[in-house]
Amino acid sequence: MAGCTSRCQQGVLKLIQSVQRLLSGTLSKDKTDEELEMTTVCHRPEGLDQLEAQTNFSKQELQILYRGFKNECPSGVVNEETFKHIYAQFFPHGGKYWPASALFMCWEQASQVFLVFWAADASMYAHYLFNAFDTSNNGSIKFKDFVVGLSILLRGTLREKLEWTFHLYDINRDGYINREEMTEIVKAIYDMMGKYTYPALKGDVPQQHVDIFFQKMDKNKDGVVTLEEFVLACQEDETMMRSMQLFENVM
Amino acid sequence: MAAGVATWLPFARAAAVGWLPLAKKTMPKPPIDNSSRSDEILYVNVSGVRFQTWKNTLDRYPDTLLGSSEKEFFYNEDTQEYFFDRDPEMFRHILNFYRTGKLHYPRHECIQAFDEELAFYGIVPEIIGDCCMEEYRDRKKENQERLAEDTEANEAMDAPLPPHSTPRERLWRAFENPHTSTMALVFYYVTGFFIAVSVIANVVETVPCRPPKGSVKDLPCGEKYQLAFFCMDTACVLIFTFEYLMRLFAAPSRCKFMRSVMSVIDVVAIMPYYIGLVMPENEDVSGAFVTLRVFRVFRIFKFSRHSQGLRILGYTLKSCASELGFLLFSLTMAIIIFATVMFYAEKGTKGSTFTSIPASFWYTIVTMTTLGYGDMVPNTIAGKIFGSICSLSGVLVIALPVPVIVSNFSRIYHQNQRADKMRAQQKVRLARIRMAKKGTTNAFLQYKEDRALGDRDSGSGALCVKNKSTFEHQHHHLLHCLEKTTNHEFTDELNYSELCITESVGFRTSRSTSLSSQQGAPNHSTGCCPRRVRRRAAMRLANSTVSVSRGSVQELDTLHTKSTHLPPQTRSSLNAQVDLKLNCGEQDFSAAIISIPTPPANTPDDSLPPSPAVIPTGILRTTRATAYTSDTIKISSL
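As given, the protein sequences belong to chains A and B, one line each in that order. Sequence positions in the first sequence follow the numbering used here and run 1 to 251. Sequence positions in the second sequence follow the numbering used here and run 252 to 889.
Keep in mind that the hints are not guaranteed to be accurate.
[Said to hold, decoys possible] Below, a list of computed lysine-lysine pairs in the DSS-like style, where the Cα atoms sit at most 25 Å apart:
| # | chain 1 | residue 1 | chain 2 | residue 2 |
| --- | --- | --- | --- | --- |
| 1 | B | LYS688 | B | LYS699 |
| 2 | A | LYS144 | B | LYS322 |
| 3 | B | LYS353 | A | LYS195 |
| 4 | B | LYS601 | B | LYS507 |
| 5 | B | LYS306 | A | LYS59 |
| 6 | B | LYS322 | B | LYS280 |
| 7 | B | LYS306 | A | LYS187 |
| 8 | A | LYS59 | B | LYS322 |
| 9 | A | LYS195 | B | LYS688 |
| 10 | B | LYS689 | A | LYS195 |
| 11 | A | LYS187 | A | LYS202 |
| 12 | B | LYS735 | A | LYS195 |
| 13 | B | LYS322 | A | LYS202 |
| 14 | B | LYS569 | A | LYS14 |
| 15 | B | LYS353 | A | LYS202 |
| 16 | B | LYS306 | A | LYS202 |
| 17 | A | LYS14 | B | LYS507 |
| 18 | A | LYS216 | A | LYS202 |
| 19 | A | LYS216 | B | LYS735 |
[Stated by the list, open to error] Estimated spans, in silico, between C-beta atoms of each pair:
| # | chain 1 | residue 1 | chain 2 | residue 2 | range |
| --- | --- | --- | --- | --- | --- |
| 20 | A | CYS8 | B | ARG683 | 48 to 54 Å |
| 21 | B | GLN363 | A | ILE16 | 35 to 41 Å |
| 22 | A | CYS8 | B | THR583 | 24 to 30 Å |
| 23 | A | GLN60 | B | GLN725 | 53 to 59 Å |
| 24 | A | GLY11 | B | ARG505 | 17 to 23 Å |
| 25 | B | THR277 | A | GLN60 | 48 to 54 Å |
| 26 | B | TRP613 | A | ILE16 | 39 to 45 Å |
| 27 | A | ASN172 | B | LEU496 | 49 to 55 Å |
| 28 | B | ILE587 | A | ILE16 | 51 to 57 Å |
| 29 | A | ASP211 | B | MET509 | 55 to 61 Å |
| 30 | A | ASP211 | B | LEU499 | 33 to 39 Å |
| 31 | A | ASN172 | B | TYR495 | 37 to 43 Å |
What the hints contain is simulated information worked out from the structure, not anything from laboratory work. Just so it is clear, the structure is predicted and the values come from calculations on it, not from any experiment. Using N, Cα and C, we set each Cβ at its ideal position, and we do this for glycine too.
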């Protein structure tokens, strides 16, 4: 009832306004003036020297990285939607978008590193990836986050890389990887394959994958994998160590 | 702070000497100026065009790219300059902004390109100078409107039906877009026909017909053939009522639907009939009843659902409402003024037709619109003078708002034309996009074959670089990594559907023993189905001479053909009647050329034991579906 009266009042008000406008002959005002948005927040990264000190990249490499970053995101930050969009373009069936020709190299090279770890739709995986990069948890990746993450993945020590992967898998950041988190990650990876795979993806394949993972990693069989168990198990896995070395010079 | 202010700062600071005699406390220490006194010239190379400017110029706006340390990311040590890979023409304007403090918008540039450049250089568009601000805003608004309309039109019109739609949703969609289904189209034309019939009947029933025998007066046809007209009217109203009720039922939001213009017109069109039914045959109310029959003519507005031109006209009038309102108001003012003047001018005349001011209204309107019926004419000289002034001013007052309305109509009409054209081109665009998508997948599958080839032949990882960029190589490596991670391989739509068929078919045949295809293991054919092996070998022999060209078509079996310009040659079927109910989801067996390459595909994962015969585990998989031609025959080998 209250809604009705308020709507009636608004209607009457609008009628009076239109009659007044009619009488005074003012033409319709620009209603969309307020809608012209201000440009989004523009973020500037720290100086080149500081970034060089904080990461293992040289100045030239940072320059190259920044140029690409700035091209995709002139505002200086990547939000999750843009990130998902960019990431989805690499996977032919896994996304709604088709690959664009103007992708800069670094994203794709970095993505390769993620996949070597063992371990519809690329958007779920992109979401987890985004959270792993967004260390400050404010919903956007600045250039500094981006470059620090890349530095760990491409130039970090083995231990740092494994820790980074552990944080990627540990969705709720509680220090343990449990079965549900691992299942989510594995399902997200399988989603990236898309529908058209050979052999066709059956429903229980991700679960089996998770079981194998836990069998390997969970030493004390307590149902969760801690950082130490993870690092230990990975170091024992020779296949993985070998694959890791392939990605030494991704950039 | 603006540029000018920064320049005057030293002056203001120097003038602070004037405060010294009055100061109560000692002055604070000045900030230490570390920067070098002399200014330096910076070189900025934008896509080859070299600009030079003072460093101070750029420092005026420290919150932009060029004014902050962000430009160091673009510094090239070797050439000692800042290199930007952007448009040099636009950069001119950007640099002028630094120099003069005013940002100008170049009229010949695309608004979006300009916006992107501004975003890149970190400049907020709001500081565009007043001279160019209006133009900028207008262009931007126009652009936004156009883009919004286009996306709306695209989404609204040909959005494919969601797979699980209730009958109600389907009905609504059929009503809104009649061209989607035949039934809807039929209904659309039927209602259109009945609207026309109803309107014509309304018109004809007033035409005088020959009087029936025994009467002198001419009777309108409506009364002569009363029953016939009544039946026709009933039929039309029934159809309209049925349509209205269906629409009401199907509408996603009934309240909103009932308030919309079209539904109001519908109601107004059918109400008189029902009111006439329930009204008693009473002399008093029959007058009102006759009036109501007038509303039947509103049925003609129902045509606006069928005609886009009418809709455009209606929309134009709606959007020019304020201009029309102003026209009306000014006309009313003029009418009242002139009517009063004419009345008092003609007051004394004997037998004057200007009996009162409202009576003079009629004269004024007829004169101002230059109709001039001549039923009321001024006789006095004063009356004639004022009458002529009236007619002259009438022309002016009416002519003023007309161009506004015309331009609005033209704009809306052209928008509609554009929307229609875009919709027509959309199909072509989508087809091309789909082809590009397939091309990428095919490129990746091609890459896998090449790699396998390279592996087999040379044994080392030397890839034959076939006109592929580094980017493509790395991209394919990425996809390959994903395959290795999940232990599944990418295929394309075609092979996937084939595999589904073979899997389901193999499932049904009792002959195939250890169909590892069921478990999803990569090797379909190791040893389980001798027939298959033989078939494949036969295929390979037959195809050994066939080059891996995209034009070759080999066909073993046709399960489903869409277009048959190639007659089926060999027929070898395990199961003629294959139940095509696959669990692969709905597959549209679109046709494509399958060319079977001669060399076998790469061997699967290393974990598999080496099979005795080099059976290409993915011979189905490696058939490259070239989507460049679209009308061929779908093949499935059994």
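Evaluation of the provided hints:
no., hint, result
1, B/LYS688 to B/LYS699, "holds, 17 Å"
2, A/LYS144 to B/LYS322, "holds, 16 Å"
3, B/LYS353 to A/LYS195, "violated, 55 Å"
4, B/LYS601 to B/LYS507, "violated, 60 Å"
5, B/LYS306 to A/LYS59, "holds, 22 Å"
6, B/LYS322 to B/LYS280, "violated, 32 Å"
7, B/LYS306 to A/LYS187, "violated, 54 Å"
8, A/LYS59 to B/LYS322, "holds, 13 Å"
9, A/LYS195 to B/LYS688, "holds, 15 Å"
10, B/LYS689 to A/LYS195, "holds, 14 Å"
11, A/LYS187 to A/LYS202, "holds, 12 Å"
12, B/LYS735 to A/LYS195, "holds, 16 Å"
13, B/LYS322 to A/LYS202, "violated, 52 Å"
14, B/LYS569 to A/LYS14, "holds, 16 Å"
15, B/LYS353 to A/LYS202, "violated, 63 Å"
16, B/LYS306 to A/LYS202, "violated, 63 Å"
17, A/LYS14 to B/LYS507, "holds, 19 Å"
18, A/LYS216 to A/LYS202, "holds, 22 Å"
19, A/LYS216 to B/LYS735, "holds, 18 Å"
20, A/CYS8 to B/ARG683: 48 to 54 Å, "holds, 53 Å"
21, B/GLN363 to A/ILE16: 35 to 41 Å, "holds, 40 Å"
22, A/CYS8 to B/THR583: 24 to 30 Å, "holds, 29 Å"
23, A/GLN60 to B/GLN725: 53 to 59 Å, "violated, 19 Å"
24, A/GLY11 to B/ARG505: 17 to 23 Å, "holds, 20 Å"
25, B/THR277 to A/GLN60: 48 to 54 Å, "holds, 50 Å"
26, B/TRP613 to A/ILE16: 39 to 45 Å, "violated, 31 Å"
27, A/ASN172 to B/LEU496: 49 to 55 Å, "holds, 54 Å"
28, B/ILE587 to A/ILE16: 51 to 57 Å, "violated, 23 Å"
29, A/ASP211 to B/MET509: 55 to 61 Å, "holds, 58 Å"
30, A/ASP211 to B/LEU499: 33 to 39 Å, "violated, 56 Å"
31, A/ASN172 to B/TYR495: 37 to 43 Å, "violated, 55 Å"
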